[in-house]
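Line order of the protein sequences matches chains D and C. Each residue of the first sequence is one higher than the one before, starting from 1 at the first, in this note's numbering. Each residue of the second sequence is one higher than the one before, starting from 1 at the first, in this note's numbering.
Incorrect hints may have been included.
No more than 27 Å apart at the CA atoms, straight line, and that leaves these computed lysine-lysine pairs for DSSO-like [said to hold, decoys possible]:
| no. | chain 1 | residue 1 | chain 2 | residue 2 |
| --- | --- | --- | --- | --- |
| 1 | C | Lys230 | D | Lys23 |
| 2 | D | Lys3 | C | Lys41 |
| 3 | C | Lys3 | D | Lys23 |
| 4 | D | Lys3 | C | Lys3 |
| 5 | D | Lys38 | C | Lys3 |
| 6 | C | Lys185 | D | Lys23 |
| 7 | D | Lys46 | C | Lys3 |
| 8 | C | Lys5 | D | Lys23 |
| 9 | C | Lys41 | C | Lys191 |
| 10 | D | Lys46 | C | Lys5 |
| 11 | C | Lys230 | D | Lys3 |
Partial pick of chain C residues on the chain D-facing surface, computed with a CB cut under 10 Å [to be verified]:
| no. | residue |
| --- | --- |
| 12 | Tyr6 |
| 13 | Pro7 |
| 14 | Phe16 |
| 15 | Cys17 |
| 16 | Gly19 |
| 17 | Cys20 |
| 18 | Gly21 |
| 19 | His22 |
| 20 | Ile25 |
| 21 | Arg27 |
| 22 | Met126 |
| 23 | Thr127 |
| 24 | Pro180 |
| 25 | Lys187 |
| 26 | Leu225 |
If you are wondering where the hints come from, they were derived from the structure by calculation, not from laboratory data. Idealized CB from N, CA, C, for every residue including glycine.
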Amino acid sequence: MSKVIVTADLCKQCGYCERHCPKEAISFSSDFNANGFKYAVVDDDKCIACGMCYTTCPDGVFEITQ
Amino acid sequence: MAKMKYPEQIVANIPFCPGCGHGIIVRLMVECVNELGYSDKIVMHQAVGCCSLVGLGLDWEMLVGAHGGGGANATGLKRMLKDTALVIAYQGDGDAYNIGLAETLNAAYRNENITVIAVNNTNFGMTGGQMSWTTLPGQRTTTSVDGRDSKTSGMPIKVPELIANSFDTAYVARGTVTSPAEIRKTKGFIKQGLQNQIDGKGHSLIEILSPCPTNWHSNPITDSLDRIEKELIPFYYPIGELKVKGE
Ligand SMILES: Cc1ncc(C[n+]2csc(CCOP(=O)(O)OP(=O)(O)O)c2C)c(N)n1
Ligand code: SF4
Ligand code: SF4
Ligand code: SF4
Ligand SMILES: [Mg+2]
Numbered sequence: 001m002s003k004v005i006v007t008a009d010l011c012k013q014c015g016y017c018e019r020h021c022p023k024e025a026i027s028f029s030s031d032f033n034a035n036g037f038k039y040a041v042v043d044d045d046k047c048i049a050c051g052m053c054y055t056t057c058p059d060g061v062f063e064i065t066q
Numbered sequence: 001m002a003k004m005k006y007p008e009q010i011v012a013n014i015p016f017c018p019g020c021g022h023g024i025i026v027r028l029m030v031e032c033v034n035e036l037g038y039s040d041k042i043v044m045h046q047a048v049g050c051c052s053l054v055g056l057g058l059d060w061e062m063l064v065g066a067h068g069g070g071g072a073n074a075t076g077l078k079r080m081l082k083d084t085a086l087v088i089a090y091q092g093d094g095d096a097y098n099i100g101l102a103e104t105l106n107a108a109y110r111n112e113n114i115t116v117i118a119v120n121n122t123n124f125g126m127t128g129g130q131m132s133w134t135t136l137p138g139q140r141t142t143t144s145v146d147g148r149d150s151k152t153s154g155m156p157i158k159v160p161e162l163i164a165n166s167f168d169t170a171y172v173a174r175g176t177v178t179s180p181a182e183i184r185k186t187k188g189f190i191k192q193g194l195q196n197q198i199d200g201k202g203h204s205l206i207e208i209l210s211p212c213p214t215n216w217h218s219n220p221i222t223d224s225l226d227r228i229e230k231e232l233i234p235f236y237y238p239i240g241e242l243k244v245k246g247e
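Hey, can you work out the whole structure from these sequences and the hints?
Structure representation (structure tokens):
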């Protein structure tokens with residue numbers, strides 16, 4: 001299982017998670033979610049499951065699984 | 001790192017704007033209430049303003065009163081509910097510090113056993129970004145189009161300092177949401193404010209400096225975090241505990 005589950009449709013493309021991820025593991029999609037936002041995408045190879053994205057996200061996009 | 005899962009009490013996405021600090025603050029309040037074991041013993045007084053959007057996603061008992069009435073209405077709720085539930089007055093700066101300033105100060109003056117969460121985004125956000133009493137000198141809003149002129153409209157109000165220095169309350173703190181470290185610190189302030197209520201210590205006010213990227217016209221949205229770090233905290237609104245009763 002991936003370290004982080006992303007609920008893409010909740011993302012509002014604010015960029016807070018990308019700014020605070022210590023591993024530069026977050027980028028944005030090229031397509032759009034249900035609300036018309038480009039959504040956060042996590043590179044599982046770079047991710048260390050630190051939870052900074054969960055902590056800073058205003059919209060509950062992330063779940064840290066381990 | 002422990003597993004982290006968004007609280008189940010937030011049942012739908014709350015329609016705050018992208019990057020709005022309210023979203024982070026709501027999650028912190030729910031996490032604190034859950035961790036204190038009060039998940040089914042909590043009543044929120046939600047203020048008129050962007051706070052009121054919370055009712056569209058948070059499955060808590062709620063009361064909405066007239067604009068600014070949080071201090072008075074939360075008093076009534078707590079006096080009625082006593083130890084059976086925690087009462088949070090969730091308010092914006094315009095609500096708590098302009099329109100409801102009398103109610104806010106009188107609840108503190110009486111040292112009511114409530115927890116006030118005041119979201120300071122330096123404007124009346126919901127109505128399109130008008131000047132509030134926390135608006136910085138020179139800040140452009142829809143009612144200060146050339147920037148706030150403090151000669152005619154006064155200087156930013158600091159209600160946390162006013163209460164900490166004037167009244168015999170339990171706790172006053174100011175936090176922000178600009179980084180994971182600040183968010184964790186702010187969560188600690190909120191939890192302390194709720195613990196004080198559980199212990200019957202009286203009034204706790206936690207002000208939270210919060211981005212309003214829409215009315216601040218922040219582009220990119222993350223510029224709103226820089227504004228708090230560079231313009232709000234160093235000159236007007238220092239972060240930290242301002243008053244802990246008994247210390
Ligand atoms: C008595 C009264 N006056 C004015 C309004 C209009 N009004 C609704 S929301 C709002 C702004 C609230 O601003 P604030 O408390 O700072 O919350 P924010 O939206 O910025 O989080 C105002 C002025 C109202 N609903 N009732
Ligand atoms: S858990 Fe940490 S490393 Fe992984 S994406 Fe989130 S912030 Fe980045
Ligand atoms: S912090 Fe949340 S809402 Fe903002 S871009 Fe990241 S995932 Fe999307
Ligand atoms: S107007 Fe400001 S405070 Fe209201 S939801 Fe939008 S960003 Fe948040
Ligand atoms: Mg406001």
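For each hint, the structure was consulted:
Restraint check for lysine 230 of chain C and lysine 23 of chain D: satisfied, since their Cα atoms lie roughly 25 Å apart, inside the 27 Å limit. Note on lysine 3 of chain D and lysine 41 of chain C: the hinted pairing is violated, with a Cα-Cα distance of about 33 Å set against a maximum of 27 Å. Distance check on the hinted pair: lysine 3 of chain C and lysine 23 of chain D sit about 18 Å apart at the alpha-carbon level, within 27 Å; holds. A C-alpha spacing of about 10 Å is found between lysine 3 of chain D and lysine 3 of chain C, which places the hinted pair at or below 27 Å, so the restraint holds.
Only pairs whose Cα atoms come within 27 Å are accepted, and lysine 38 of chain D paired with lysine 3 of chain C is accepted, the gap being roughly 26 Å. A distance of roughly 22 Å separates the Cα atoms of lysine 185 of chain C and lysine 23 of chain D; the hinted pair therefore holds under the 27 Å criterion. About 18 Å separates the Cα atoms of lysine 46 of chain D and lysine 3 of chain C, which keeps this hinted pair within 27 Å; it holds. For the hint linking lysine 5 of chain C to lysine 23 of chain D, the alpha-carbon distance of about 21 Å falls within 27 Å, and the restraint holds.
Proximity of lysine 41 of chain C to lysine 191 of chain C is assessed by CA-CA distance (about 15 Å); at most 27 Å being required, the pair is judged to hold. This hinted pair checks out: lysine 46 of chain D and lysine 5 of chain C have alpha carbons roughly 21 Å apart, not beyond 27 Å. Proposed proximity of lysine 230 of chain C and lysine 3 of chain D is contradicted: the alpha carbons are some 34 Å apart, above 27 Å. Because the smallest distance between the Cβ of tyrosine 6 of chain C and any Cβ of chain D comes to about 4 Å, under 10 Å, the interface hint for this residue holds.
Given hint, proline 7 of chain C at the interface with chain D, holds; its Cβ is 8 Å from that chain's nearest Cβ, closer than 10 Å. Because the smallest distance between the Cβ of phenylalanine 16 of chain C and any Cβ of chain D comes to about 7 Å, under 10 Å, the interface hint for this residue holds. Interface hint status for cysteine 17 of chain C: upheld, as the beta-carbon distance to the closest one in chain D is roughly 8 Å, under 10 Å. Evaluation of the glycine 19 of chain C hint against chain D yields a held restraint, the C-beta minimum of about 3 Å falling below 10 Å.
The closest approach between the C-beta of cysteine 20 of chain C and any C-beta of chain D is roughly 6 Å, which is under the 10 Å cut-off, so the hint is satisfied. For glycine 21 of chain C, the interface hint holds, since its Cβ comes within 10 Å of a Cβ in chain D; the closest pair sits about 7 Å apart. A least Cβ separation of about 7 Å between histidine 22 of chain C and chain D falls short of the 10 Å threshold, and the interface hint therefore holds. Satisfaction of the interface hint for isoleucine 25 of chain C is found here, the shortest Cβ-Cβ separation to chain D being roughly 9 Å, below the 10 Å cut-off.
Among the interface hints, the one on arginine 27 of chain C holds; its C-beta lies about 7 Å from the nearest C-beta in chain D, closer than the 10 Å criterion. Interface hint at methionine 126 of chain C: violated, since its Cβ lies 16 Å from the closest Cβ of chain D, which is beyond the 10 Å cut-off. The restraint placing threonine 127 of chain C at the interface with chain D is violated, with a minimum CB-CB distance near 21 Å, outside the 10 Å limit. With its C-beta approaching chain D no nearer than about 4 Å, proline 180 of chain C sits inside the 10 Å limit, and its interface hint holds.
With its C-beta approaching chain D no nearer than about 9 Å, lysine 187 of chain C sits inside the 10 Å limit, and its interface hint holds. Interface restraint check for leucine 225 of chain C: the shortest CB-CB distance to chain D comes to about 7 Å, inside 10 Å, so the restraint holds.
Violated hints for the displayed structure, listed by number in ascending order: 2, 11, 22, 23.
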